[in-house]
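*Asks:* Sequence:
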Amino acid sequence: GGTVNVTNSGFITTSGVDARGIFAQSVGGGGGTAAAGQAAGTDDYQLNLSVGGKGGSGGDGGAVTVVNSVGASITTAADGAHGIEAQSVGGGGGSGGTASSDPAGALAGVLADTIESELKAILAAKLPQYAASEALKLSFPTTEANIAVGGAGGAAGNGEDVTVTNAGSITTLSDAAFGIFAQSVGGGGGNGGGATLSGSNVINVNVGVGGAGGAAGTGNLVTVGNTSLISTQGDSAFGILAQSVGGGGGVGGLAVDSTSLSLTASITVGGSTAANANNNNAQQGATGGADTVQITNSGTIKTAGSEAHAIVGQAIGGGGGVFIVNPEQAGLNGPTNAEIASLENQIVQGLLGLGVDLNAIAAAYAQQLYAANGTLALTIGGSALTSGGGGTVNITHTGTVTTTGDNAFGILAQSIGGGGGFATDGAGPTMPVTVTGGVGGSGAGAGGNVNILLGGGSSISTTGTGAIGIFAQSIGGGGGYSGAMNTSGMSILPPSANPDVNMLAGVVSIAMAPNTQGGALISTTGANAHGIFAQSLSGGGGAIGSTQGIALPPATGPLRGAYGLFGGGGVNIDVTGTISATGAGAAGIFAQSGFQATNGAIIGGGGTINVNFTGTLVGGSGSGAALVLQGGNIYNTVTFGAGSKVSALSGTAIIGTYEGFTITNAGTLSGNVDLTQAGASTFQNVAGAHFNPGPLVGLGTSTTFEDVPYGGSLTNAGTLNPGGRNVELSTMLQGNFTQSTGGVLGIDINAAVNAGQTNDVLNVSGTTTLGGSVQPLVGANLLPLTYTILSSTGAMTGSAQVIQPSALGVISFGLDQQDNTLLLTPTANFTPSNVSLTANEAAMAQSLQQSWNATSTGLSSVFASLANVQTAAGYERALQNLSGDQMQAAAVNQTRGARASLNAALSCPVFSGTGTLLAETDCTWARVIGSRAEQYADRNGSGFTLDALTYRIGTQKEVMTDWFVGATVGYSDTSLTTNNGFGSSDGAGADGALSVKHQVGPWLFSLAGHAGFGSYDNTRNIFLGGNRWIAEGSASVFTAGARARASYELAFANWYLRPYADLDLLYTYMPGYSETQAGPLNLSISSLKEWTLAFSPAVELGARIDLGPDYWLRPYGSVGVTFLSNDSLAFQSRLAGAAPSVPSFTNSVPLPATLLDVTAGLQLVNAKGYEVRAEYKAQTGNDFLAQELSARLSVPF
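In terms of my numbering, the sequence shown has 741 at position 753, counting the first letter as 1, and numbering is strictly consecutive.
Hints were generated in silico from the structure; no laboratory data involved.
Fair warning: there could be bad hints in the mix.
[Stated by the list, open to error] Only pairs whose alpha carbons sit at most 20 Å apart, straight line, appear in this in silico SDA-like list of lysine to any residue:
1) Lys1077 <-> Ser1132
2) Lys290 <-> Leu217
3) Lys1077 <-> Val953
This one's a predicted model, so the numbers in the text were calculated from it and none came from an experiment.
Put together the whole structure using the sequences plus the hints.
*Replies:* Structure below.
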């Protein structure tokens, strides 16, 4: 064949079946493109489709180059209509057309022709009779098809280089329509098109994809590059398919639609032998090697259909390629959808007019389809005497790949020696089909290397069931992937019985592209949708899928044929970034190397498996895991880089079988490590790393030390924490345990009463060598118990230190070794010497000590929180939280308010005549008072701020000469907040006072009595250990009091001086109450009954300023001192969670013992006795300041 060069710079659109946008072909040895054919309305149909040379045909294909330029576009709309198809075929072949048999469709067509060509009257007369006669003809048709893709009987020739570049856009809209299809095939073959067998009740099919009986030839270099957009919509519609096939083969297809009632098919993907016509002895099978397949994607590839893989690269020796089953609706160009709809409507209307019951016909036909069945014998792999080595597959992906269909892989790469490939059933079965046969072959040939490079910032995203991110295989001896069919009857087939044939596999490598920046993303969400699935298999084999994807193989299985030392190639995975496979049964990374059993398990060793991953690796639920490794050899290694996070929804991080593994973790690894079916393995948790094991760390079996059942070992130089933080778990370590000097064994403790397991435990089946430290990780609850944290079946040697949870030493832990058991015991000191506590805090701390000593289970959460407090200030705040510090300040304020009530009953002074002597008079008054009291932090507590607004009225009446009686009532709204921000109290109070006064010249003597009541709603916020409780309570306060006052005025011309003294006796009563809403942290407060004596000497200085004949102004001020018998009110409290034997603790609220009183006011009075007064008062004491501002209006009475 000659050289072919095609460049598209425009816009190409096609609508027919097999109507490629660009089709470039060079064929040596005869062949080309076959037209599509169709047989309609026949009872029996025979199809023989052969793509490839026969009986000695030869010749090489020429080089083919296709370019879709920047700005160009290609769009195809029908089945098999690839955007670009480029072929170089040696030994004859090319592209076979589509053949179909469709008597059901023929009936519709004839009916439509009848309607179009005949008159309405003829329709009424003939249509029912014709329909009945045609229906009888549909009962027994039989279809037979023989399809061969690849040379036969000596066909020879090599494919040449094929290069396809897309810088524009390619869109295909239907099934089996690839974006780019590039082939270089030696030994005959190419694209077999397909046989569309529709409407036939019985179908017998024999299909071969690959050369037969001596077909020979080598596939050459295939290069595909995409820098722009490729989008496909159909089932089995790959984004890119690039093949280099030696020994014949390529792509074959078979379509069966829903009108087929029975199917028997035999399909072989891979080269085969040919029988000698004279003696039926086998002749030499198909032979030929593959060259390199090179795919580069820096653009975007999107597929939407089932089994519509985004990127497929194959380099297959010994024949084979891809077989596509069941892309429905294949056929010839026919009427458009609009035309079909119009004709169907005419038919339906005509039949309805003649009384034909279409529903009954449809129901009868549906019953027939329900009983339909089929059998498919599928073999993926070459047969005996087939030979040829697989070529190298190089795929560089730096762009974006997205698939949304079931079983639609992001990247599928195969290098197979000895024949093979894969099949697809993208459209899904249209009838129940039982698939038998297997994967693997008896051909000879080594698998080549498969290299996949990922760029920083690249992404592969799939969402369908079984939709693997990257699927990579190197297989020696034939095999591949079965596709996603009902494969319950399939298995891995036996290899060649000849131990001398070459069935070695190549190396599968998945790594980051050179000079790349950042990491790659692989994301899958479907069941059995693994992130990476990599196999290097010798002696044939591969992967058997199903409609639910490829399930992870078991750990072991039965022997497959005559096992020889074939030796699998290596698997190297060196990736940075994120691999997330979150579906049921999904592995983040699956790697397999060796010789398979019939069920796919590895039962013979292979090349080294090396996994080096840095980033986030997540496996799925159920049987899924982050990393699954099978086979390899004793040099297998796994390394997780610093900063990595490895886990799985199933709780299993790593599964390994057959050979042992050396695991090095420098990141955070969480979950089970199950190497129980592997050889003796080592796990190194290096400095700075975190290992959070699940219930099992099985490190394989030892064949060297017979006295130790588990020969693996775990060395911890980082942090080992069973179950991870805040999970209490028993971990079984099957192996030996060594903790080095820098290692830390983290032990979670959560000792809630009746909570089950109280702490982490590491159980070691082998020996234990201790070093480093043990770090208690106190969780939500802690009690004074002894905790078993480590046990060892073998000897325990060495020692470890304790990393205390806090340097404060409020709660500290000690280690004790008893035989081969390590114990951890906490002790408490709630009044540590390095913390300075207030009286209230010290009382709370002493109560906690008593509760700890009494094992107060209700306070386990408090003990846990205090164990983790890191600073003295934090510890003090915690004690304030717990004690309700300053929460009873409302009672103190009401006690102070009782003195204000007494004082208000004693004031109706006016100037007598024109002088400055103050005299009592009749009056009625109203007053509004705003006040704020601030208690700053002192030795008792943190202090508070209290705001109040008071409304007060009063009256005074002279009942006898110089004898006066008075009364006042008041109402107050108060709002209190503690200075630490943890508590608040809102309330209201009412009070009343009565007074008696007697004035004797400059002397004034007074007596007064008071009674008051207040109700307060308290809210206490408790913050401990990151948790918050809100305690609520309601307190009632009653006050009573009496006052005696004596004053004497020194009057001068326009000013005066009046000394006076008050003696008060006060009583405060608060019934006990209990908080709610905070469980064990609720406080119960005992009742309070307290007497207080107050003495207040003071002096007032004032003046008279006449503003006219009817008005005068009195400015005044006073200063004094108040002495109180009590400096605080003490409340007895206890936590609800404390043991019954624990006594109450004292919580005091300051009541300053000495106060400086300052008053300043201005009184405006007219001659008729009306008065307006404004006044400011302040009281200040040690860490205390109270201020009030009032306005008063008085009228004569």
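*Asks:* Against each hint, give a clear statement of whether it holds in the structure.
*Replies:* Hint by hint, here is what the structure shows:
no.: 1; hint: Lys1077 <-> Ser1132; result: holds, 17 Å
no.: 2; hint: Lys290 <-> Leu217; result: holds, 8 Å
no.: 3; hint: Lys1077 <-> Val953; result: violated, 30 Å
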